[in-house]
Amino acid sequence: MKKTLASDNYAGTSPEIIEAITKVNNGHQGAYGADEATLEAAKMFKRLLKEDIEVFFTMNGTGANVTALSTVCPSYGAVICSSAAHINVDECGAPEKFGGFKLLTVEKQDGKLTPQDIQPFLVNLGEQHWSQPKVVSITQATEYGTIYSVAEIKEIVDFAHKNNLLVHVDGARISNAAVSLGVSFKEMLVDTGVDFISFGGTKNGLMFGEAVIFLNTKLAENYKYVRKQGMQLLSKMRFISAQFLALFDGDLWSKNASHANKMAQLLADGLSKVPNVEITQRVQANGVFAIIDPSVIPVLQEQSPFYVWNEQTHEVRLMCSFDTTEEEINQFIATLEKLSSVSV
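Going by this note's numbering, the letters in the sequence shown line up with residues 40 to 383, in that order.
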């Protein structure tokens, strides 16, 4: 089957993950998280982050984001996020419908918020006619493939906490961010003071499954009820938990993310040498954003499907995965070079 640059969601599942699923597919175990793999996976995250956390597993990223935010943000509240945030653009209004809260968005060219972006929303606090800001949600890595440094996260968290706001991290590509920065998850999330996380796995080799992790355990009190209401409580949870155990048993998480990031950089390097191609974002994770001659886009998509991110500017998004190969990247660049020379 043809591989694509459309999304890291298009990739298959790491063989190690398939093996882990097969191993737990043996006999009967307790349902709804009362199984050995889920208990061990929670311990694993505690070793990875800190002991005093609450760990829950969900079936997908939207479910993780929506249930987590809905637990801590009342329906009269608001979540501040980038206009490009997944919760704003790609979740079909699920946060607002399920949680009832309002999204307050900021237009950012690189998808990254700053304290200065948050400040304008801190008006009319306590005014009954206005939605009340409760949470700042940042995406790491962002939907534009950019990454918050540890210092930038700490600055946002300090500002948010000073103004009685909580900080959520949508970590669909959290592993790509960690290997790019060369820091541990603890340094990125715990030491900066983040309150809760949607910890991604599907985009880094898992078949399915994400984790909601409350670093501030006081926020987790009612999460189990919200997860159940939100239809994210998988009865055979061991098939999610076993995948996370395999991901962090050794360096699979790092190997997969590092390879995807490396392929994106290789792609960006090649594209930068093609005339009339403009790389629009700093390539820090596994995504490349570029403006390409619209006349060649359909032909390129026949070879390796990808999405046009902005129809007006002809900006495309090219995503690399744990199984993207150098040969595929080189073929894509060679085809673009050939098409570009013909179209000139």
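Since the hints were made in silico from the structure, they are not lab data.
Think of the CB as a built atom: it goes at the ideal place given N, C-alpha and C, for glycine as much as any other residue.
Hints may be right or wrong, so weigh each one.
[To be verified] For each label pair, taking beta carbons as the anchor points, the in silico distance ranges come out as:
1) Ser-311 - Lys-136: 40 to 46 Å
2) Gln-68 - Pro-337: 46 to 52 Å
3) Pro-333 - Gly-66: 55 to 61 Å
4) Thr-153 - Glu-376: 35 to 41 Å
5) Thr-364 - Val-128: 44 to 50 Å
6) Ser-293 - Lys-193: 18 to 24 Å
Checked hints:
1. A hinted range of 40 to 46 Å holds for the C-beta pair Ser-311 and Lys-136, which are about 42 Å apart.
2. Separation of Gln-68 from Pro-337 is about 50 Å and conforms to the stated range, judged on CB atoms against 46 to 52 Å.
3. Look at Pro-333 against Gly-66: about 56 Å separates their beta carbons, and that is inside 55 to 61 Å.
4. Thr-153 and Glu-376 have their C-beta atoms about 38 Å apart, which keeps the hinted 35 to 41 Å range intact.
5. For the pair Thr-364 and Val-128, the beta carbons lie near 30 Å from each other, so the given range of 44 to 50 Å is not met.
6. A hinted range of 18 to 24 Å for the beta carbons of Ser-293 and Lys-193 is consistent with their spacing of about 23 Å.
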